[in-house]
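Asker: Chains as they are written, first to last, in my numbering: chain A, 1 to 281; chain B, 282 to 587; chain C, 588 to 1036.
In case anyone wonders, no lab produced these hints; they're calculated from the structure.
Just so it is clear, the structure is predicted and the values come from calculations on it, not from any experiment.
Ideal Cβ positions, reconstructed from N, Cα and C, are used throughout, including at glycine.
Where hints are given, some of them may not hold.
Computed cross-link-like contacts, DMTMM-like style, restricted to lysine to aspartate or glutamate with a CA-CA straight-line distance of at most 25 Å [unchecked claim]:
{"no.": "1", "chain 1": "C", "residue 1": "Lys-796", "chain 2": "C", "residue 2": "Glu-886"}
{"no.": "2", "chain 1": "C", "residue 1": "Lys-655", "chain 2": "A", "residue 2": "Glu-66"}
{"no.": "3", "chain 1": "C", "residue 1": "Lys-739", "chain 2": "C", "residue 2": "Glu-831"}
{"no.": "4", "chain 1": "C", "residue 1": "Lys-1024", "chain 2": "C", "residue 2": "Asp-823"}
{"no.": "5", "chain 1": "C", "residue 1": "Lys-658", "chain 2": "A", "residue 2": "Glu-68"}
{"no.": "6", "chain 1": "C", "residue 1": "Lys-791", "chain 2": "B", "residue 2": "Asp-443"}
{"no.": "7", "chain 1": "C", "residue 1": "Lys-658", "chain 2": "A", "residue 2": "Glu-46"}
{"no.": "8", "chain 1": "C", "residue 1": "Lys-1017", "chain 2": "C", "residue 2": "Glu-980"}
{"no.": "9", "chain 1": "A", "residue 1": "Lys-227", "chain 2": "C", "residue 2": "Asp-685"}
{"no.": "10", "chain 1": "C", "residue 1": "Lys-644", "chain 2": "A", "residue 2": "Glu-225"}
{"no.": "11", "chain 1": "C", "residue 1": "Lys-655", "chain 2": "A", "residue 2": "Asp-43"}
{"no.": "12", "chain 1": "B", "residue 1": "Lys-548", "chain 2": "C", "residue 2": "Glu-886"}
{"no.": "13", "chain 1": "C", "residue 1": "Lys-658", "chain 2": "A", "residue 2": "Glu-225"}
{"no.": "14", "chain 1": "C", "residue 1": "Lys-825", "chain 2": "B", "residue 2": "Asp-357"}
{"no.": "15", "chain 1": "C", "residue 1": "Lys-644", "chain 2": "A", "residue 2": "Asp-143"}
{"no.": "16", "chain 1": "C", "residue 1": "Lys-655", "chain 2": "A", "residue 2": "Asp-226"}
Some chain C residues flagged as far from chain B (calculated, every beta-carbon gap over 10 Å) [said to hold, decoys possible]:
{"no.": "17", "residue": "Ala-661"}
{"no.": "18", "residue": "Thr-688"}
{"no.": "19", "residue": "Val-714"}
{"no.": "20", "residue": "Val-784"}
{"no.": "21", "residue": "Gln-804"}
{"no.": "22", "residue": "Met-811"}
{"no.": "23", "residue": "Val-894"}
{"no.": "24", "residue": "Phe-961"}
{"no.": "25", "residue": "Asp-993"}
{"no.": "26", "residue": "Ser-1006"}
{"no.": "27", "residue": "Gly-1007"}
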Amino acid sequence: MNHIARGTGRLRPGRVLFVLLLLVGAVISTAPFYWMVVASTHDNSELFQSPPPFMPGGRFMHNLVELEHSIGFGRVMFNSAGIAVVYTVLSSLISAMCGYALAKYRFRGRGLLLGAVLATMMIPFQVLLVPLFQMMASLGWVDTYQAVVLPFLANSFGIFLMRQAFLGFPDELIESARIDGAGDLRIFYQVVLPVVRPQLGALVIFTFMTQWNAFLWPLLMLNSEDKYTVPVALYTLIGQSHVDYAGLILGSFLATLPLMLIFFLFQKQFVSGLLGGAVKG
Amino acid sequence: MTERETGAGTAARAGAAPRRWWRRSTPWIFAGPAAALLVFFFAYPLVAGFYQSFTADRDGATTWVGIAQYRRMMSDPVFWAALRNTGLILIVQVPVMIGLALLLAFGLNQSWLRFRSTFRIAYFLPAVTMLVAYSVVFRVLLKTDGGLVNQMLTAVGLSEIDWLNSPGWARLALIGSITWRWTGYNAVILLAGLQTIGREQYEAAAIDGAGAVTTYLRVILPQLRPVILFCSVTSTIGTLQLFDENYVLTGGGPGNATMTPVLYLYKVGFEQLDFGYAAALAWVIVVVIGLISYAQFRFFGRDSSR
Amino acid sequence: MATNPERASLGRRTVLTAGVAGVFSALLGASGCATGGTAKKAGPTLSAGAAAEIKGKISVWSWDVAAKALKRLAPAFEQRHPGTSVEIVDIGYDNAYDKITVGLKSGKGLPDVLTIEGSRLPGYIGVFPGGLYDLTSLAGPHKAEFAPSAWKYSSDAQGKVFALPWDSGPCALYYRADMFEKAGVDPNSIATWDDYVSAGERIKAKTGKKLLIMDPQEDSMFPMLLQQQGQRYFRDGKVALSSEQAVRAGTLLKTLADKDLIAFEKGWDGLVAGTKAGKAATTPYAVWWAGTLTDEMPELKGKFGVVPLPAFDAGGVQTSNDGGSTLAVSGHSTNARAAWAFIEFALADTANQVSMLKNEGLFPAYLPALKDPFVTAPQPYFGDRPVFKTFAELADKVPSVEDSKDDPKARDIMWRSVSGILLHDDDPKKALDSAAKQVAAGTGRAIAG
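Next comes chain A alone, as it looks inside the complex (with noise of 0.2 Å):
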């Protein structure tokens, strides 16, 4: 791949394609996003016009308000920011810790380990919500924030996606670390994770993104109004005969600006990997 090598900005008729099937594909991600935007300006009965709207109205800050006044939105976005960053730092440093254990050592359990990773991933989660809600009861953990992160903590999709990323990592590397006399965990931060991280910074993202938009396990843990998380939060907009969509789609549109901002700071990450450094533009 020339251009990737050398590549400069001169223009081929193939990159002009290329550029604009990219646009395309960016437009249709984009697009019912931008709905989004336009929704949360208008009033909820101006949503169900035929056609919907398609410019923002002057609707905004009257929604706002309202959200703010019918679920406390500043609070519960409060509630989400705080569980998801703990959640973030621990799950992705244990995740990170369990895959480099499983792609790089050989012991006694670890093919045990892995098939209960994988296990966990396989089950459908609605199995498990009633005796893992008995277990969390049994603690009396109900209504705390620790029933909500901890059982997830060792996250599964983390654990594999990192185990993935290690397996690459040439054993040279870590040998040669080794006879220079460092230690394992010596190697681990200094001459493995530096490598690995864009896919850690790719972790950190889903990890927070998870935690962020969980939604069925904190309403089930969950019992009083002011630890609510955001999604629990927003779905008590949705009533039996009435939709609060304009609060709803403002809601939503809102709590994907902290991912937004989580993704642009962490994505730095794949174009600064040490190795793949060389690929920078």
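Given chain A, put chains B and C in place with the hints provided.
Answerer: Only chains B and C this time, still in chain A's reference frame:
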């Protein structure tokens, strides 16, 4: 899961006993927290769920019924319809999505491309959208009368499509909406994988005089194997556990055209309150997922250590 | 039986997993965390006692306007019974039953008072005996004060009462006065469903509007037509989906579809948007639809009116029911007496029930409240027609039906065959016969002859 991965831990055989003990327990220092959490939080629910699949709630009491629930599944038309739908979605949707995601990742990895991070965010947006907004937006898009997609179709002279009320179109709409939601997500994972491939590899291929396509097929794709394996295994699991999208978009209809095993499991367990049967469904889903994942490991896993 | 995931991919390691898990499960089992659910036993019962016992904290799960209403009423209760405190939690409607079901199945983590819709009660009463307090001796004296159909779904087959009815959903026919006028049809002249169909043809010819909006996949119209004829999905424990009444309802829907009088729209938002856009001239629906019209379509003020439902035979029943909630005491409540006191305070009380109709649009199942001047007053939104009076007169005429814990299963199958009748031109009799067979096979019941 090849056995060819050279374990770094086994390399240092010599040394005093305490050192050896340290060596032996090192892997568990890394894996311990995760292992402890998994055992503590999931061992019981997994076993409880398994046990439950051999029971039924009759007249308010939970009784042991042996394999009756599994037997019942064999003659349950909804279950088979759900399995067929999932198979269809799996065969069509997962390869298309992974292919698109690969193309996208390669594209977004090009150094000559401007506004790369803007593109990345644009393609990642669908994945971060909350389910509740996703459902509202897609229902506005897919409405038969006055929906945005149909308006575009009529604008270019085509006729309106009754998206959610005809089996074929409903499946297509579902496949489209899943692809819309998850392609960018997989592209991000693949992109991260691409980033760890060194420049030397590209240059070596270039020196050998390989063209762009050959480079990707011969050099890059094999390197990406573990990541592609990851994406296809997780996407396959995602499809076999499909719930969110059809729950909010079609509710499994029309008829059972977009019913999936997990949606059915949910209806059986949480609407019909038939927990034993739901648990049995869950374990059959697990077995199916396990078999397919195993096949994928065998197919992609060959060179995973290099 | 290959039922373990790891078995397929990981061979003998499975055995180890199972072993570890087994030990762990035994440990947990010892701490009283059994998965079996409740064994069959007599549920907790609450009977009359001294008023002095009413104190302490109670928590209540509810949603939407119902939660709002209770939050409004709670301070008055706390004032009447010093030493009590009531916490109302809005758990949202969309997944409320997931939360309640998990709690009932676990036997843990539930509040003192639960909001449960009438359609869900039979399932919970049937599957979780002991999950809800038996309120028979306390609620019994109120029996005559509540709409009979609502009382029916609040109690089990033996007449034991497990909840107190809150609001109810008597049905009538909403119509667009302007469209009827333009077509020269008098809404009061529609006495039977046959009249309704011919009125629809005439309206369509004159105005181009359809007669009603339906979701072809999950619509409440068919069950509504069933209840109008005095049945749900089972009769005397037997499957009644292929009964003469059911076929009559199916044939009516087929006629409406054949004559192209139905505008198909998906789901709740489709119905709201379609009504707002004036796609149809009528909506056969429950009383609470009035609230949706008022809230979502202020610009259509004065255009709607309400008449009783058309009957199947002249002089027959002209109403049905759709929706309606209850309040129940959770079987694990530690303050059941205060919980019941709160329920009685909120629901068996004319002033409170009327205030909930006024403020939150909850139409009382408590009959004395329906005599209130507010109910009989003209409604400005409906062109000063006294629409609540129409519903109030229908409320105690709603036929009672036999509910069962198998209703959800039957409903899913019913929806599929109704969808076939509406979309694929299926013959109603054949479609419903086949549905009845499926329900019989799925529930182990016989088909009613």
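Asker: Give a verdict on every hint.
Answerer: To see whether the hints hold, each was checked on the structure:
| no. | hint | result |
| --- | --- | --- |
| 1 | Lys-796(C) / Glu-886(C) | holds (19 Å) |
| 2 | Lys-655(C) / Glu-66(A) | holds (15 Å) |
| 3 | Lys-739(C) / Glu-831(C) | holds (23 Å) |
| 4 | Lys-1024(C) / Asp-823(C) | holds (17 Å) |
| 5 | Lys-658(C) / Glu-68(A) | holds (18 Å) |
| 6 | Lys-791(C) / Asp-443(B) | holds (22 Å) |
| 7 | Lys-658(C) / Glu-46(A) | violated (30 Å) |
| 8 | Lys-1017(C) / Glu-980(C) | violated (37 Å) |
| 9 | Lys-227(A) / Asp-685(C) | holds (19 Å) |
| 10 | Lys-644(C) / Glu-225(A) | holds (17 Å) |
| 11 | Lys-655(C) / Asp-43(A) | holds (22 Å) |
| 12 | Lys-548(B) / Glu-886(C) | violated (39 Å) |
| 13 | Lys-658(C) / Glu-225(A) | holds (13 Å) |
| 14 | Lys-825(C) / Asp-357(B) | holds (21 Å) |
| 15 | Lys-644(C) / Asp-143(A) | holds (16 Å) |
| 16 | Lys-655(C) / Asp-226(A) | holds (16 Å) |
| 17 | Ala-661 | holds (29 Å) |
| 18 | Thr-688 | violated (6 Å) |
| 19 | Val-714 | violated (4 Å) |
| 20 | Val-784 | holds (22 Å) |
| 21 | Gln-804 | violated (4 Å) |
| 22 | Met-811 | holds (19 Å) |
| 23 | Val-894 | holds (27 Å) |
| 24 | Phe-961 | holds (35 Å) |
| 25 | Asp-993 | violated (8 Å) |
| 26 | Ser-1006 | violated (6 Å) |
| 27 | Gly-1007 | violated (7 Å) |
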